[in-house]
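A.B. asks: Chains as they are written, first to last, in the working numbering: chain U, 62 to 428; chain F, 62 to 428.
Quick caveat, the hints were computed from the structure, so don't treat them as lab data. In this text, all values refer to a predicted model and were calculated from it rather than measured experimentally. It cannot be assumed that every hint is accurate.
One copy or any two copies: either way a pair holds, since identical chains are not told apart in the list.
[To be verified] Derived DMTMM-like pairs: lysine to aspartate or glutamate, alpha-carbon spacing no greater than 25 Å straight-line:
#1 Lys80 to Glu290
#2 Lys296 to Glu351
#3 Lys307 to Asp348
Residues per chain, in single letters:
2 protein chains.
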Amino acid sequence: MATVLASASSSLQLPKPLKLDSGQVLDRVTLAYETYGELAADKSNVILIFHALTMDQYVASPHPITGKPGWWANSVGPGKVVDTNRFHVICANVIGSCMGSTGPASEAADGRPYGMRFPVITIRDMVRAQVALLDALGIGRLHAVVGGSMGGMQALSFAANFPERAERVLAIATTARHSAQNIAFHEVGRQAIMADPNWQGGGYYDSGKTPDKGLAVARMAAHITYLSEAGLTEKFGRRLQNRDAKSFGFDADFQVESYLRHQGLSFTDRFDANSYLYITRAMDYFDLAEEHGGRLADAFAGSSARFCVVSFDTDWLYPTSASRVIVQALNAAAAPVSFVELSAPFGHDSFLLDVPALDRVVKGFLE
Amino acid sequence: MATVLASASSSLQLPKPLKLDSGQVLDRVTLAYETYGELAADKSNVILIFHALTMDQYVASPHPITGKPGWWANSVGPGKVVDTNRFHVICANVIGSCMGSTGPASEAADGRPYGMRFPVITIRDMVRAQVALLDALGIGRLHAVVGGSMGGMQALSFAANFPERAERVLAIATTARHSAQNIAFHEVGRQAIMADPNWQGGGYYDSGKTPDKGLAVARMAAHITYLSEAGLTEKFGRRLQNRDAKSFGFDADFQVESYLRHQGLSFTDRFDANSYLYITRAMDYFDLAEEHGGRLADAFAGSSARFCVVSFDTDWLYPTSASRVIVQALNAAAAPVSFVELSAPFGHDSFLLDVPALDRVVKGFLE
């Protein structure tokens with residue numbers, strides 16, 4: 062058995078135009094994706110992992126810009142929780158994003174970047190594109206679909222819209238619909254980007270100026286929602302940054318300020334501001350019940366999958382109550398579901414961090 | 062007894078320069094203040110109300126810019142909870158603000174606006190200025206000091222630093238120190254303002270351009286923290302704004318987006334961006350224990366006042382746990398204190414809204 066993770070970077074142009082929820086049609090759609098582990102001869106060992114808002118296909122391979130390990134490298138690999146000695150793992154960059162899949166920075170038919178001419182997409186559109194990718198690869202039914210946060214939304218959307226295509230659905234730290242507070246935080250981020258004069262109505266690609274300041278502010282605001290209040294207090298408290306006393310100025314006196322500024326700035330090196338607009342919009346539009354006549358249980362009525370839903374007790378972005386709504390709907394649809402609320406101090410980000418209890422749940426569910 | 066509220070708008074230049082926590086000295090300090098009700102001959106009936114971050118001295122009189130009723134007009138007036146038939150109420154605009162008291166928009170000695178040359182101030186500096194105002198008015202011991210949110214911080218600071226000057230201290234929806242999360246949200250707001258090219262390093266006053274977009278984003282981010290998640294859901298949910306279906310664009314489709322945008326824009330009509338920077342900095346610097354050797358109880362050791370501390374169960378900005386810290390310190394200092402957590406759906410903003418239980422607590426405590 063391999064002990065070193067073999068990965069492959071691929072890119073595929075979908076053979077057909079993609080019909081979108083908006084009614085628009087997106088032509089020449091490319092999906093960039095990573096694969097890990099060998100595909101079985103009968104193609105029965107595929108796990109599709111969906112990524113979150115600012116993540117990408119580099120689930121277990123180094124990020125090409127930052128050089129950092131993949132965002133779930135702790136859990137995906139030979140002998141790991143998602144065992145690539147056994148499973149063929151696929152992770153595709155969502156449409157609307159900026160790591161190789163078609164998004165607002167891509168060339169439109171006129172050879173110029175879409176910018177804000179890119180159509181508004183939905184979570185279901187992202188899923189449709191990935192199902193078209195599976196079709197193109199000749200992969201039918203999946204061993205499992207797995208995702209956290211926006212990845213969990215895609216997993217649920219996949220289960221609802223392609224009910225025969227997955228044996229297992231694992232949705233972590235997610236929600237079946239964006240709440241008013243969720244929308245509000247995203248709207249702050251969008252307004253911050255659009256307030257940046259470098260944004261230029263989204264037409265900044267050829268200008269040599271990017272709306273980094275606005276995007277950094279958006280990232281900072283969002284980042285707070287990814288951490289728990291207690292976690293922030295434990296990690297930073299009111300400790301000062303490289304100084305013995307307050308400066309009585311507007312430098313980053315506090316470690317938490319320095320940390321947030323760094324999070325904001327470093328984000329702009331690897332992410333496109335228009336992609337941030339489009340993907341947050343897709344998340345805000347997400348309401349799985351609404352797509353299925355207003356009753357969430359009906360979304361899962363046709364599913365033949367087993368479900369596992371995981372929440373974290375310190376996650377205030379998509380709290381346990383949001384997971385309970387999903388579980389109750391699955392129960393009402395008579396779908397087999399296991400649900401666990403895990404205790405972890407990291408808030409929403411727990412799904413990306415070292416939480417041994419999560420490893421056990423994931424490993425057990427994928428058996 | 063008067064049944065119509067008589068108010069007076071006044072302004073006073075402090076007779077002496079104000080020594081600040083930073084070590085700097087602020088000369089020619091003006092405080093603008095409102096008064097309500099008659100001052101007793103022995104001056105024994107004074108209640109000093111401290112205002113919150115974006116509030117002002119117009120506690121019970123119409124705001125001169127917006128025309129809206131005072132921010133606590135429901136509670137302050139003849140026969141009301143803070144009965145101006147009985148009490149002489151004073152509310153002063155804090156230094157650093159922009160409604161008539163000395164702040165970054167004021168003229169420095171060179172005749173030009175301070176801008177970022179204004180010294181960084183603290184909550185204690187705000188209180189010192191108001192004590193100097195009381196001294197100038199010949200008012201010694203107060204019947205009570207009262208404040209919510211940043212007003213509560215001032216009330217606590219007043220009690221700690223001028224322990225003989227108040228008989229009663231009422232601190233509502235507040236904290237004895239800003240948490241890492243509190244600082245983080247404020248830092249997002251400051252970065253949004255400073256990212257606005259119209260900010261110009263704070264030197265925008267003569268340019269005809271103000272950093273309204275940045276200030277609006279700052280206000281939007283902060284505003285989310287003033288409301289409860291459940292309150293947002295009840296008030297807005299996912300309801301659409303003046304449309305039957307999603308637009309598949311970036312307009313304010315959702316009511317909560319429209320509401321937030323309005324909150325951001327309207328704020329810029331009445332508030333100065335630099336004042337927002339300075340006052341949020343003062344709040345972030347606030348740590349009453351640190352000012353008193355690191356032990357909060359020591360801050361209250363010399364106090365002769367009775368205390369009342371009020372929190373709201375849905376306030377996640379300054380949650381009940383923050384009030385408990387204050388109450389425990391008061392207990393450790395053997396200060397008489399009553400504490401109540403009130404149930405109200407409005408989150409932090411509950412202290413400004415119609416909460417009958419709060420009225421009863423305030424009225425009872427001021428007897």
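A.B. asks: Does each hint hold? Answer for all of them.
C.D. replies: To see whether the hints hold, each was checked on the structure:
1. Proximity of Lys80 to Glu290 under the C-alpha cut-off of 25 Å is found in neither arrangement, the shortest distances being 42 Å within a copy and 35 Å between copies.
2. Taking CA atoms no more than 25 Å apart as the test, Lys296 paired with Glu351 passes between copies only; the shortest distance there is 19 Å, against 39 Å inside one copy.
3. For a Cα distance limit of 25 Å, the shortest separation of Lys307 from Asp348 across copies, 12 Å, qualifies, whereas the shortest one inside one copy, 46 Å, does not.
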